[in-house]
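S.K.: Sequence:
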Amino acid sequence: MEENKSFLKWQNIRISQLGFANNLIIALAIGLLGYIIDFIQTDNLTLTSVQKFLFWIGCSLIIISIGLGIFVVLNRLEDFKLTARIARKRETEELNEIESDRIKSKKLGKITWNGFIWQIVTFIVSFSLLIAMVLISLKDIIT
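Numbering of the sequence shown is given in the numbering used here, commencing with residue 5 and proceeding in unit increments.
Any given hint might turn out to be false.
[As the list claims (entries may be wrong)] Think about it this way: if two alpha-carbon atoms lie no more than 30 Å apart in a straight line, the pair counts; the simulated DSSO-like pairs of lysine-lysine are:
(1) K108 with K93
(2) K143 with K13
(3) K114 with K13
(4) K56 with K110
(5) K13 with K111
(6) K56 with K85
(7) K85 with K110
(8) K114 with K56
(9) K85 with K114
(10) K9 with K114
(11) K93 with K110
(12) K56 with K108
(13) K110 with K13
(14) K143 with K9
(15) K93 with K114
(16) K9 with K108
(17) K85 with K9
(18) K114 with K143
(19) K110 with K9
(20) K111 with K85
(21) K108 with K13
Just so you know, the hints here were simulated from the structure itself, not pulled from any lab data.
Could you put the whole structure together from the sequences, leaning on the hints where they help?
M.R.: Set out below in C-alpha cells:
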C-alpha cells in the first residue's frame, strides 16, 4: 500500500512538471519570436542570404514548437478526460470497454511525450539558428 502512495505521489509530480515544462517552452518560444521580430526591425540592419535563411528556418521551427506545445496541451486534456471516464467506469463497475479505453489512454500518453520531445527539439534548433543569425549581425560589435 505504501508503494502505491509513493507511486501516485511521484506520478502526480511528473504530470505537474510536464505541464510546467510545456508551458515554459511555449512562453520561451513566444518570447524568442517576439525578440527576433523586434530585432529584424532595427534601423540599418542588412541581412545576408545566410541570415535570411537562418531567420526563416528558425521562425518556422519556433512556430512549429508553439504549435506542438498547444497540441500537447490539448492531447493531455483528452487523455485526462479519458482517464476520468476509466475511473468512473471502475467505480460504477461498468467494466465494458474499459480495456479499450486504457489502450487509448496509453496511446495518448505516448503521443503526449513524443509531442513534448519534438516541441523541445524544435525549440532548441530554432533557438540555435536564431541566435546564430543575431550573432552574425552583431559580429562587428562583439569582436
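S.K.: Each of the hints needs a verdict: does it hold here or not?
M.R.: So, going through the hints one by one against the coordinates:
| no. | hint | verdict |
| --- | --- | --- |
| 1 | K108 with K93 | holds, 15 Å |
| 2 | K143 with K13 | violated, 50 Å |
| 3 | K114 with K13 | holds, 20 Å |
| 4 | K56 with K110 | violated, 42 Å |
| 5 | K13 with K111 | holds, 22 Å |
| 6 | K56 with K85 | violated, 44 Å |
| 7 | K85 with K110 | holds, 13 Å |
| 8 | K114 with K56 | violated, 36 Å |
| 9 | K85 with K114 | holds, 16 Å |
| 10 | K9 with K114 | holds, 24 Å |
| 11 | K93 with K110 | holds, 17 Å |
| 12 | K56 with K108 | violated, 43 Å |
| 13 | K110 with K13 | holds, 19 Å |
| 14 | K143 with K9 | violated, 55 Å |
| 15 | K93 with K114 | holds, 23 Å |
| 16 | K9 with K108 | holds, 25 Å |
| 17 | K85 with K9 | holds, 22 Å |
| 18 | K114 with K143 | violated, 43 Å |
| 19 | K110 with K9 | holds, 21 Å |
| 20 | K111 with K85 | holds, 14 Å |
| 21 | K108 with K13 | holds, 23 Å |
Violation of the numbered hints given earlier is confined to hints 2, 4, 6, 8, 12, 14 and 18; the remaining hints are satisfied by the structure.
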